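Residue numbers (the working numbering), protein chains in the order written: chain A, 67 to 513; chain B, 67 to 513.
There's no promise every hint is true.
[Stated by the list, open to error] Taking lysine-lysine and the DSSO-like style, the derived pairs with C-alpha atoms no more than 27 Å apart in a straight line are:
hint, chain 1, residue 1, chain 2, residue 2
1, B, 485, A, 264
2, A, 367, A, 440
3, A, 436, A, 448
4, A, 485, B, 264
5, B, 324, B, 270
6, A, 478, A, 106
7, B, 485, A, 478
8, A, 212, A, 420
9, B, 436, B, 212
10, B, 452, B, 432
11, B, 452, A, 270
12, A, 367, B, 95
13, A, 485, B, 270
14, A, 448, A, 420
15, A, 366, B, 485
16, A, 478, B, 367
17, B, 485, A, 324
18, B, 367, B, 324
19, A, 324, B, 478
20, B, 324, B, 366
21, A, 478, B, 241
22, B, 212, A, 485
23, A, 366, B, 478
24, B, 106, B, 420
25, B, 478, B, 452
26, B, 94, B, 212
27, B, 448, B, 367
28, B, 212, B, 102
29, A, 212, A, 367
30, B, 212, A, 420
31, A, 436, A, 212
32, A, 448, A, 432
33, A, 367, B, 102
34, B, 324, A, 485
35, A, 367, B, 241
36, B, 264, B, 212
37, A, 420, B, 452
38, B, 420, A, 366
39, B, 366, A, 485
I should point out that these hints are in silico values taken from the structure, not numbers from a laboratory.
These numbers were taken from a predicted model, which means no experiment stands behind them.
There are 2 protein chains.
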Amino acid sequence: MQIEDMILVSVDDVVVEPPDVFVGRVPKKYEDLAPKLIVKDDGTEAWEYLGNLSQSVGLNAVVGRPPEDYGLEPAAFSDMRPGCYDVDERVRDMNANGVLGSLCFPTVPGFVGELFGRQAAAGNGDLAIAMLRGYNDWHIDGWCGKYPGRFIPLAIPPIWSPELMGEEVRRVARKGCHAITFADNPGNLGFPSLHSEKWDPFWKACADEGTVVCIHIGSGTRMNLQDPGAPIEVMIAGTPITLFNCATELVFSDIFNKFPTLKIALSEGGIGWIPYFLERIDYVHEHHHRWTLHGFPSGKKPSDVFREHIITCFIDDAAGVRNRDLIGIDNITWECDYPHSDSTWPTAPEVLWKSLAGVPDEDIHKMTWKNTTKHFSYDPFKHIPKEGCTVAALRAQAKDVDLTPRVGAGGKSPSDYAKGYATVGDIIQQMAGAFSTAFETKPGGAR
Amino acid sequence: MQIEDMILVSVDDVVVEPPDVFVGRVPKKYEDLAPKLIVKDDGTEAWEYLGNLSQSVGLNAVVGRPPEDYGLEPAAFSDMRPGCYDVDERVRDMNANGVLGSLCFPTVPGFVGELFGRQAAAGNGDLAIAMLRGYNDWHIDGWCGKYPGRFIPLAIPPIWSPELMGEEVRRVARKGCHAITFADNPGNLGFPSLHSEKWDPFWKACADEGTVVCIHIGSGTRMNLQDPGAPIEVMIAGTPITLFNCATELVFSDIFNKFPTLKIALSEGGIGWIPYFLERIDYVHEHHHRWTLHGFPSGKKPSDVFREHIITCFIDDAAGVRNRDLIGIDNITWECDYPHSDSTWPTAPEVLWKSLAGVPDEDIHKMTWKNTTKHFSYDPFKHIPKEGCTVAALRAQAKDVDLTPRVGAGGKSPSDYAKGYATVGDIIQQMAGAFSTAFETKPGGAR
């Protein structure tokens, strides 16, 4: 097998929502209340919703910019590569990167629809569910639907109501969507603990419908910002491993006993730490269960429970690939993280290939697409002949895609920082500044 | 090489301080003010210091109890195996376990002497340093000194003053002590951030004296108690990996640039996650340094910095041993964790041997004793002929040690817990109860 023969499906990319997300997708009576893109006095753009500014349009959407120019600062649409928000351009960028399929996480509503959750908590549940359904319909029909076989649709949940979550899981399943987001630590967002029975209607619907629950890093546990004096690398390096805790909570929870067909994906969690994790949870169970009185009724080990229910993924993780036998070869999937700064676009095949040296073809196929099609009820070959799905075939369609790095609004010099480099404190300050700028409600945006 | 030929040196055990720690070791004028062991109304024991109850005498000191009987609850001395607090019995227990050498962390003063730090912060620095020196003298002369060659002495720092820390490093080095504790996140304890230049006098003294800085799990970052509904296994399984963050902070800090001979040990951190960690920090550096402007003046990669300066250790970690080439074979050491509940006593050699299947002799020697003797300036063979240091030779001296499990005060039934098993919330409640019980100042304790 050669690099160009790979078939690549990414289980973690991001969509930056275009300005027309809600147009024609919410009931007439709520049209004026839908989130709107506005331009602030400083020229940057933001979403305005019920009088509040929501998450920036392009937070960390730096794909295609030179690395000198990365940053966490918000950008305008004109600073971004169009593939961030335009689905035609996105598919062209996927082709240029040899990537067949993509599962895209949201930006504006938050990983688990917190934007609508806050408002529902404030009393207007009817408006909130209307907006959320409108968003999911746009994602499924407007974004994924335009290119059959190229996307794995991913819904966001009405996180404020497990009953509504169950209903939404079933509603979107009827539209062919079998993945939905959830938080690694919902208690931290003000919702019930992961161990609460209140979530049962949600778990049940997902188990019934074969819907994968996708738990993304940063979806509940806050980023590691504890030390303002630390270089920002400390936060970036440590974020994926925050899912270690969630993985432990899931394995030791009662959830899989109650819903034995449920599958949960740890999105952007990496895989290199999993061999250690599995050994550790088995050790802890074996050493402690006689006094904690916690058991697995089936007589299984914690690592068995993990391998039965948890789907892992990686961007570039040679240690994880080396130890794939310890992780479970049937549960490893691959991701690209377009358009965030950890992404390997547009050389994802080349970067990945280095980690795959010496790996048998069948293991490569499992990790790069087979496991994903199996777990996510995703069948690209229904729409595209298999020979058109390889790195080589896709890249052949993308010869006109301009890969030249585009200089954006980012880029700092050492004198911009007290220590000469970006610290956690510097980035916190940048973010706070971005959200406190005065703005005028000039509707529209840059497109 | 056979199991009985191994030489085992443990870089992480714990001493439960006996009642006479401070007797004769503090200036006359402060004798009455020294911490004293008292018996509470409920029969449990605690240390009383300046009107406050300090940490329990035997928190989690469960070695030699049947696993049904473990727990985090405080115990009385009579509930503990004498090897917890009696050095003669400790050495007999080490012999029975085939362990030659041991580095012992403190219990009562806290990992970094917080007990004295709080009081110094309240204004009485003179008393605090007198108590701290008394403690270190007891540890070095009273505990380790009685059995030359069997212990690696470990001091605690006057954490409230980096200048005093530097002085204490030099003072104990003159007594042959080349290890000292520090916190993984001093900022979390109310002291300056790890990245503060204020610590420089401490780092400098350690670098000058060849003193290893030992950073133990739980020494700054709090235990993971975020979800009261979670089974207690979540906390236990996730605690070692909390050092992932500290390791990242250390590598990206300016500390090793300034003090190139400094060595830092991650105590009880495990090793199986390190291959992933090293790959991750190199990836983050490579992907982000052009915009963060953070560099390594020497042109080294973050993983090089780690391998030059950081000492790792493990209890039982097959995935880590398998990937020792990725970690760095010269920096892996072994630990026993006596007398805590994660310990493998009294079958440490047998448990370890399973992880060592197929490992060349020289790699075994490096991990089980050679690296430790090199990094910690520890030369047991000056005192004990090498042939007397093996598992077989030590166990031969311990035929009369009673290894029968001793039933203590722990042990619960499912009806003791709302969920039928111990949750984080249950344990928090137990701990709070233990510290709020009324007590009478009956001096002495059970010995």
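Agreement of residue 478 of chain A and residue 241 of chain B with the hint, judged by alpha carbon distance not exceeding 27 Å: Not OK: residue 478 of chain A and residue 241 of chain B at ~50 Å, beyond 27 Å, violated.
Residue 420 of chain B paired with residue 366 of chain A [C-alpha distance capped at 27 Å]: holds, 21 Å
Restraint check for residue 485 of chain A with residue 270 of chain B, where alpha carbons must lie at most 27 Å apart: Holds, at about 21 Å.
Given pair status - residue 367 of chain B, residue 478 of chain A, alpha carbons within 27 Å: holds, 22 Å
Restraint check for residue 324 of chain B with residue 270 of chain B, where alpha carbons must lie at most 27 Å apart: holds, 9 Å
Distance restraint between residue 478 of chain A and residue 106 of chain A, which requires alpha-carbon spacing of 27 Å or less: Holds: residue 478 of chain A and residue 106 of chain A sit about 22 Å apart, inside 27 Å.
Pair hint residue 94 of chain B and residue 212 of chain B, alpha-carbon separation not exceeding 27 Å: holds, 24 Å
Given hint residue 367 of chain A paired with residue 212 of chain A - CA-CA distance at most 27 Å: Roughly 44 Å between the alpha carbons, so the hint for residue 212 of chain A and residue 367 of chain A is violated.
Pair hint outcome, residue 448 of chain B versus residue 367 of chain B [Cα-Cα no greater than 27 Å]: violated, 38 Å
Holds or violated: residue 324 of chain B to residue 366 of chain B, with C-alpha atoms at most 27 Å apart: Between residue 324 of chain B and residue 366 of chain B the Cα gap is close to 15 Å, so the pair holds against 27 Å.
Pairwise hint evaluation, residue 212 of chain A against residue 436 of chain A, where the allowed Cα distance is 27 Å at most: With a Cα-Cα distance of about 23 Å, the restraint between residue 436 of chain A and residue 212 of chain A holds, given a limit of 27 Å.
Agreement of residue 436 of chain B and residue 212 of chain B with the hint, judged by alpha carbon distance not exceeding 27 Å: With Cα atoms ~23 Å apart, residue 436 of chain B and residue 212 of chain B stay inside 27 Å; holds.
In terms of the numbered hints stated before, the structure departs from hints 7, 8, 11, 12, 14, 21, 22, 24, 25, 27, 29, 30, 33, 35, 36 and 37, listed from lowest to highest.
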